[in-house]
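Each protein sequence line maps, in turn, to chains A and B. According to UniProt numbering, the first sequence is numbered sequentially starting from 1. According to UniProt numbering, the second sequence is numbered sequentially starting from 1.
None of these hints come from the bench; they were simulated from the model. Hints may be right or wrong, so weigh each one.
To be verified - The calculated lysine-lysine pairs, modelled on DSS-like cross-linking and capped at a C-alpha distance of 30 Å, are:
1) B/Lys56 / A/Lys170
2) B/Lys186 / B/Lys161
3) A/Lys186 / A/Lys56
4) B/Lys56 / B/Lys170
5) A/Lys56 / A/Lys170
6) B/Lys186 / B/Lys90
7) B/Lys170 / A/Lys161
8) A/Lys170 / A/Lys186
9) B/Lys170 / A/Lys90
10) B/Lys90 / A/Lys170
11) A/Lys90 / A/Lys186
12) A/Lys186 / A/Lys161
13) A/Lys161 / B/Lys90
Quick caveat, the model's predicted, so the values are computed rather than measured.
Number of protein chains: 2
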Amino acid sequence: MREREHAGAGRPAVVLLSGGLDSATVLAMAREQGFACHALSFDYGQRHRVEIEAAKRVAAQVGVASLRWASIDLRAFGGSALTADIDVPKDRDESTMHGDIPVTYVPARNTIFLSYALALAEVLGSGDLFIGVNAVDYSGYPDCRPTFIEAFERMANLATKAGVEGHRLKVHTPLIELPKVEIIRKGLALGVDYGLTHSCYDPQPDERHPLGARPCEHCDSCLLRMRAFGELGMRDPGMGGDTV
Amino acid sequence: MREREHAGAGRPAVVLLSGGLDSATVLAMAREQGFACHALSFDYGQRHRVEIEAAKRVAAQVGVASLRWASIDLRAFGGSALTADIDVPKDRDESTMHGDIPVTYVPARNTIFLSYALALAEVLGSGDLFIGVNAVDYSGYPDCRPTFIEAFERMANLATKAGVEGHRLKVHTPLIELPKVEIIRKGLALGVDYGLTHSCYDPQPDERHPLGARPCEHCDSCLLRMRAFGELGMRDPGMGGDTV
């Protein structure tokens, strides 16, 4: 991290920030590359509004030029455990996680998120979008695949003034081929405090937790990060101390 | 129009509906093709909320299987006369309208709208999106060009479950090569009541008008439709009677 530099210095980039482990790492990587990072977070009617608190803390810790919120309400559309009342699957092993598209899939989510990022990039005069998609641990989400990102980038360059005027817009996906362990190793080297991040699909309200809720430790997302920290011989600092 | 058929019969399609002349025509064309049309409208913090009233009336007149609203607030991003406080250009001639990208351009608007349509299509199990973009009268908007639509369609087929499972999603743009006069001729043949539509960039509050505001009759959008009705030897039924 370039601690001594002002967070607003450098070329502007738009960084999608959920407050989870992956996006926190991406933000730190974009900062390391010298970008002035304009973080964009979403409140999409999800059950875990604790993500909002996590995004704020991560942005403050890593350092951003700005943090913006966009409200997206996909509940009227239905269709996913993250926005409707469908049970989040628990305690699945790796073989069950991969393969099928999980019920936690939100329709067209990354397409919508990247479209907003594109709009903000155009207004800021930025040609660089960062998103923490991961094709290794992607658990069957179609919009985390490299082919999707390439197609979005191509479309984005035709959609905007920048494209018309011959500038190139790039969608950076620095985590796309990294196993979770490598993502964490990278973030730790850059000083990310993973205790501030929140990735759980089914957080449990808990006023004693600094984010107002604690991770369930049984959904796919919790299991993946806990195992990765375990492989590094560490306790996941985002999990409750009493049950790990 | 298939008046005798129930609006919910047929394969589902998602139709983007602004309440303007073009989208009303597209809706009637999708109905004519036998689709059960799920209309999707947006309130994107624009100044002319009169569009909402127009969309409701058009949907009711043409016939839809459902009408949904999505709120999108791009004002935090700035950058356009339609969402910020920049003057809408008035009384421009054709040569000024075309060429430059106008200040009324909303960054990444069609990308965002189509992304929401894609999410709804996925939930409804629909493989057909309709959008009333027009490359003839597009006044320099990059996201109204056929190359943009093709790139979006390609991306959409990689973004979703449908794409993964081998179904094809199609973005229908039945107006893309039609001059305004031909669009109106088509809509009139299908029974569209253009008196219910609203296309103005700068509507003037007027309680006597059924939509709560009257068109300015001087912005690019008003001028284009008034001229087209004129070429057909008609008065634009969406304009005030006293000034035409």
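| task | Would you list, in rising numerical order, the hints stated earlier that this structure does not obey? | result | Those not satisfied are hints 1, 2, 9, 10 and 12.
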